[in-house]
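Student: For the record, the sequence lines run as chains A and B.
Each residue of the first sequence is one higher than the one before, starting from 1 at the first, in the working numbering.
Each residue of the second sequence is one higher than the one before, starting from 1 at the first, in the working numbering.
In case anyone wonders, no lab produced these hints; they're calculated from the structure.
Bear in mind the structure is a predicted one, so any value in this text is a computation, not a measurement.
Careful, some of the hints might be misleading.
As the list claims (entries may be wrong) - Beta-carbon label-pair distances, calculated as ranges: (1) A:C118 / B:D72: 22 to 28 angstroms; (2) B:G50 / A:C118: 17 to 23 angstroms; (3) B:P24 / A:P158: 25 to 31 angstroms.
Beta carbons are placed, not taken as given, at the ideal position from N, Cα and C, and that holds for glycine.
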Amino acid sequence: MKSRFSADAVDPNTPVIEGHHGADYYALMTEALHKLLLEKRLLSQADTDRVIAALEAPNTTWGARLVAEAWADPAYRERLIEDGSAAALELGFRIKEAKLVVVANTPALHNLITCTLCSCYPRSLLGQPPWWYISKNYRARSVREPRRVLAEFGLDLPETTELRVHDSNADMRYMVLPMAPEGAGQWPLEQRIAAVTRHMLIGTAA
Amino acid sequence: MPRFAPGDAVRIRDNHTPGHVRIPFFVRHQQAIIERYCGAFRNPEDLAYGDRHGPTIDLYRVHIAQAALWPDYTGAAHDTLEIEVYDHWLDPAA
Chain A
1 MKSRFSADAV
11 DPNTPVIEGH
21 HGADYYALMT
31 EALHKLLLEK
41 RLLSQADTDR
51 VIAALEAPNT
61 TWGARLVAEA
71 WADPAYRERL
81 IEDGSAAALE
91 LGFRIKEAKL
101 VVVANTPALH
111 NLITCTLCSC
121 YPRSLLGQPP
131 WWYISKNYRA
141 RSVREPRRVL
151 AEFGLDLPET
161 TELRVHDSNA
171 DMRYMVLPMA
181 PEGAGQWPLE
191 QRIAAVTRHM
201 LIGTAA
Chain B
1 MPRFAPGDAV
11 RIRDNHTPGH
21 VRIPFFVRHQ
31 QAIIERYCGA
41 FRNPEDLAYG
51 DRHGPTIDLY
61 RVHIAQAALW
71 PDYTGAAHDT
81 LEIEVYDHWL
91 DPAA
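Pulled out of the complex, with its shape left as it was, chain B reads as follows:
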């Protein structure tokens, strides 16, 4: 059972994980909305080092306002970004 459902407000964590990670710096600490549940996948942080037997992790697509990502964003106010985030990089938004 995935921890989040579409529409839930979340915050992207900064796990300070060394090595191969898939969560770019520019979205860390950002508040986001769950857009869809993508399924459970093996953790790229394990796969990158040859561990193919680690647990699968829920993956979500989240929706972030561009204006929140970039305080000096010059595009339209309703512009958005969507990105995939694994469950262990998400907290419920306070």
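One chain only, chain A, in its complex shape:
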């Protein structure tokens, strides 16, 4: 007998529907609860605004700051790879939701970050993930045919480079340390930060 909890329970021919399919009910319930809490003065709009502002503060430049430091300081680069959370804290960034693991690209190795189960992402450092990172399309195909996904993002990885996909399925969060452009170690800090994109930190660009 097939178990409800086996891979066979899922019909592979069922079409995949993107978006929060069936989540309207919970969105409505959340809104209703929020209104009740406001009415009963258990919560103020300022409380909600403060939480939203805190969620929206982290962004790509925070992660880029760590990369910029690692590009200029080999000892910091080592510490960042050894313990991402501790190295982030050195520069004033507290990783709140999990442990940060930083994986370094080399000419022989390219790293790609995904979360097949949901949308795990180092949000307290990099902010909210891009929409496509949450899509079922990316989540499934980033592990199933990652080189084709990279090609669609414009990155044709040579066969000689190992591609390593990191599934953020539990208690770690991941960031890619991209390779430094030629001479970047001598650039001013702001120029180094500006050279780092969100795609690089996820691994969808080199």
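Based on these hints, arrange chain B on the given structure of chain A.
Tutor: What follows is chain B alone, placed relative to chain A:
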């Protein structure tokens, strides 16, 4: 003392646990190599139902060859996948 060390060969179990689990189907039954020990964490299978007092469980990152995961994988032969697996989802590889 964690049961496994980096480099150890393991097999990912299929525990058929109902409800909230963190081990996706596509890695179950796969042979893997321990990449690192991540520390001990509360079990998401307890946390999801509000039990914050359960035991902590050792968590590892494991390394799997893409060619083993997907028999028709078309990428390079040395491509790999790394994923986190809790101790109770691992057996020593036979």
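Student: Could you run down the list of hints and mark each one as holding or not?
Tutor: Hints and how they fare:
1. A:C118 / B:D72: 22 to 28 angstroms: holds (26 angstroms)
2. B:G50 / A:C118: 17 to 23 angstroms: Hint holds: Cβ distance 19 angstroms, inside 17 to 23 angstroms.
3. B:P24 / A:P158: 25 to 31 angstroms: Holds, since B:P24 and A:P158 (Cβ atoms, about 29 angstroms apart) stay within the stated range.
When the structure is compared with the earlier hints, no violation turns up for any of them.
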